[in-house]
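Number of protein chains: 2
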Amino acid sequence: MERNTYDFELEKIKKLIKERGAKRVGLQLPEGLKTVVTDIAAEISKDTGAEVIISGNSCYGACDIDEKLERIVDVLFHFGHSDTFSHSFGKAFLSKKRFVLKENYQKKVFFIELRSGVDVKPVVEKAVAEIKGDTVGLVATVQHVHALKEAKVVLARFGKKAVIGKSRLKYDGQVLGCDFSSAAVPCEEILFIGSGSFHSVGLALYTGKRVIAADPFTMQISIYEAEELRKKRYMAIARALDAKSVGIIVGMKSGQFNLDEVIDLKKKAVEKGLGAYLIAMDEIGEDKLLGFKVDAFVNTACPRLAEDFVHFKKPVLSAKEFEVVLGERSWEDIFKLFSFKNNGCF
Amino acid sequence: MERNTYDFELEKIKKLIKERGAKRVGLQLPEGLKTVVTDIAAEISKDTGAEVIISGNSCYGACDIDEKLERIVDVLFHFGHSDTFSHSFGKAFLSKKRFVLKENYQKKVFFIELRSGVDVKPVVEKAVAEIKGDTVGLVATVQHVHALKEAKVVLARFGKKAVIGKSRLKYDGQVLGCDFSSAAVPCEEILFIGSGSFHSVGLALYTGKRVIAADPFTMQISIYEAEELRKKRYMAIARALDAKSVGIIVGMKSGQFNLDEVIDLKKKAVEKGLGAYLIAMDEIGEDKLLGFKVDAFVNTACPRLAEDFVHFKKPVLSAKEFEVVLGERSWEDIFKLFSFKNNGCF
Chain H
1 MERNTYDFEL
11 EKIKKLIKER
21 GAKRVGLQLP
31 EGLKTVVTDI
41 AAEISKDTGA
51 EVIISGNSCY
61 GACDIDEKLE
71 RIVDVLFHFG
81 HSDTFSHSFG
91 KAFLSKKRFV
101 LKENYQKKVF
111 FIELRSGVDV
121 KPVVEKAVAE
131 IKGDTVGLVA
141 TVQHVHALKE
151 AKVVLARFGK
161 KAVIGKSRLK
171 YDGQVLGCDF
181 SSAAVPCEEI
191 LFIGSGSFHS
201 VGLALYTGKR
211 VIAADPFTMQ
221 ISIYEAEELR
231 KKRYMAIARA
241 LDAKSVGIIV
251 GMKSGQFNLD
261 EVIDLKKKAV
271 EKGLGAYLIA
281 MDEIGEDKLL
291 GFKVDAFVNT
301 ACPRLAEDFV
311 HFKKPVLSAK
321 EFEVVLGERS
331 WEDIFKLFSF
341 KNNGCF
Chain E
1 MERNTYDFEL
11 EKIKKLIKER
21 GAKRVGLQLP
31 EGLKTVVTDI
41 AAEISKDTGA
51 EVIISGNSCY
61 GACDIDEKLE
71 RIVDVLFHFG
81 HSDTFSHSFG
91 KAFLSKKRFV
101 LKENYQKKVF
111 FIELRSGVDV
121 KPVVEKAVAE
131 IKGDTVGLVA
141 TVQHVHALKE
151 AKVVLARFGK
161 KAVIGKSRLK
171 YDGQVLGCDF
181 SSAAVPCEEI
191 LFIGSGSFHS
201 VGLALYTGKR
211 VIAADPFTMQ
221 ISIYEAEELR
231 KKRYMAIARA
241 LDAKSVGIIV
251 GMKSGQFNLD
261 EVIDLKKKAV
271 EKGLGAYLIA
281 MDEIGEDKLL
291 GFKVDAFVNT
301 ACPRLAEDFV
311 HFKKPVLSAK
321 EFEVVLGERS
331 WEDIFKLFSF
341 KNNGCF
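Sequence order for the protein chains is H and E.
Using the working numbering, you'd call the opening residue of the first sequence number 1 and step up by one each time.
Using the working numbering, you'd call the opening residue of the second sequence number 1 and step up by one each time.
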């Protein structure tokens with residue numbers, strides 16, 4: 001990942017540090033950007049005199065603020081995600097009494113969105129060959145969301161209509177791994193501009209549509225079929241149907257904690273005659289779950305993580321998927337409800 | 001690990017919960033005991049009515065309190081480690097202004113030492129054959145520390161003198177992975193009663209003596225030679241001698257944080273012309289370090305972890321070892337200073 005691929009907004013950052021007289025500055029970046037963070041730290045330190053502390057922990061989203069780091073710095077710059085919390089999505093989120101979010105986080109944490117300067121037109125042109133219908137829902141991560149209109153023009157040139165949906169997030173057409181409200185538009189397929197499979201898989205699962213993913217950096221086009229992906233989730237649920245006991249994972253990351261939901265879920269499980277145990281975790285890994293003597297796990301942290309855990313020996317379900325096991329939700333309702341109005345996470 | 005191997009002090013725990021009217025109770029256990037924790041949680045929940053939340057995170061010592069869990073429970077029971085903080089070792093520790101330790105932790109966190117009921121006599125008898133000299137320093141983890149006197153009697157029967165040293169910890173003869181003060185006794189070898197290699201390796205490294213490790217559960221005797229182990233550390237230091245840049249890891253676990261030390265170390269590194277970057281981390285793993293463009297790492301969290309990281313591609317040194325690279329400490333001084341009076345961690 002080259003540093004000049006993204007706009008790190010260093011001048012803005014340095015200005016802000018000076019204006020605030022910040023002595024200690026935290027930097028938090030997604031894994032792929034750790035290669036450039038030392039250069040950034042050196043520049044900030046040299047030009048502002050501030051002591052820079054880099055978060056070495058994983059960083060999966062705006063829900064994943066390094067709050068221990070936040071506590072010991074004057075300002076924390078969180079790169080690669082948009083400020084989720086000042087928009088309708090985030091307001092619902094904050095209202096859930098998530099204890100970890102401190103009031104002062106809003107004064108201390110600054111989101112640097114890392115807008116990409118890459119030209120999306122070539123990859124959109126390439127993607128056209130994969131579009132079967134006439135209308136696509138056009139979405140992107142925050143890095144490319146400013147280029148969606150340009151992409152729309154390219155598609156029109158090829159006779160394809162693109163709909164950029166309103167969202168609960170900061171920008172129209174923007175998607176998060178856990179919010180696809182901007183993809184809820186009348187369309188036959190989804191065209192996603194961005195990297196990795198996290199967003200594409202979620203888009204396919206929760207819209208039920210075919211997703212064409214176009215990566216403007218690698219020029220790679222990937223296709224995600226909803227049915228195939230949903231089948232894997234149904235299989236995970238099926239594996240958990242005979243469980244006598246479950247470990248309900250309480251996500252302790254700043255924006256993933258929701259104890260009320262977890263306690264409620266446990267109550268329902270116990271009423272159905274299951275043994276149910278609450279397990280508080282920061283980073284979820286199979287090595288940490290292996291020891292627990294339960295038949296299945298329910299992950300109430302980032303709901304999308306359940307998909308990453310399909311290779312685990314024991315089934316790991318999302319909260320909504322577990323409600324199917326409990327007989328509280330129909331199989332069809334998992335993705336329908338999850339996707340738009342009532343996100344599984346919130 | 002069988003539940004009846006250790007004394008979980010459940011009656012005491014339940015009484016305390018009732019007396020305090022605690023509604024939410026946290027349980028934190030070392031990895032190996034996760035197999036029994038659901039049974040314990042069920043019993044506590046049934047007999048007290050409290051909501052029990054189990055920590056699913058790793059737990060390496062009394063320095064590693066799950067403080068996010070601590071924040072959301074009324075009491076937290078931390079199993080397997082002794083209360084380090086009310087003794088001289090811990091007082092020095094608390095005086096270092098480690099930010100993570102809240103004042104109320106002392107009111108909320110209870111240490112359940114998990115005394116073992118296993119008979120240590122058979123394994124001590126077996127160990128005698130491996131003792132070359134006449135006098136051993138006799139040490140144990142907190143699980144077996146109450147059996148040291150018994151072990152001493154067995155050794156006397158075989159004509160071996162055992163010295164149980166005073167320590168800075170709660171009990172004479174007790175060792176931690178980072179404190180071997182009780183092994184600073186006149187003796188030819190060390191006899192350690194306990195499991196795993198963490199304590200034995202440290203004992204060999206920091207006393208410079210041959211360590212006979214006797215595991216009363218498995219009846220296995222293992223030998224640790226100081227020279228061999230020290231050589232590995234010297235090699236790690238040698239690998240870091242040409243480093244142009246270092247990542248200095250700031251341990252964010254409750255009892256491992258010491259920002260003053262870290263900033264001081266960084267200053268020294270910069271004065272020597274090195275690029276130096278502060279990296280804050282909870283759980284240290286090679287996957288999280290790979291991205292950083294530096295030539296070596298300095299680990300200021302648990303100093304003993306550097307030994308676990310010998311297989312990492314880039315050298316990872318303890319703070320004291322890094323001082324050798326900086327020319328501030330002689331190679332001979334790493335273990336001498338570390339071991340007794342002035343522990344690297346504190």
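Hints listed in this document are in silico derivations from the structure and should not be mistaken for laboratory results.
Watch out, some of these pointers could steer you wrong.
Each pair may be met inside one copy or between any two copies, as identical chains are not told apart.
[What the hints assert, rightly or not] List time: in silico SDA-like cross-link candidates among lysine to any residue, alpha-carbon distance up to 25 Å:
| id | residue 1 | residue 2 |
| --- | --- | --- |
| 1 | K313 | D287 |
| 2 | K266 | V75 |
| 3 | K313 | M235 |
| 4 | K288 | E31 |
All figures in this text were calculated on a predicted structure; none of them were measured in a lab.
Hint check:
Both within a single protomer and between protomers do K313 and D287 lie at most 25 Å apart by alpha-carbon distance, with minima of 11 Å and 22 Å respectively. For the homomeric pair K266 and V75, the shortest alpha-carbon distance between copies (20 Å) is at most 25 Å, but the shortest distance inside one copy (38 Å) is not. For a Cα distance limit of 25 Å, the shortest separation of K313 from M235 inside one copy, 13 Å, qualifies, whereas the shortest one across copies, 39 Å, does not. In this assembly of identical chains, the alpha carbons of K288 and E31 lie at most 25 Å apart whether taken from the same copy (21 Å) or from different copies (8 Å).
The structure fails none of the hints (numbered hints given earlier).
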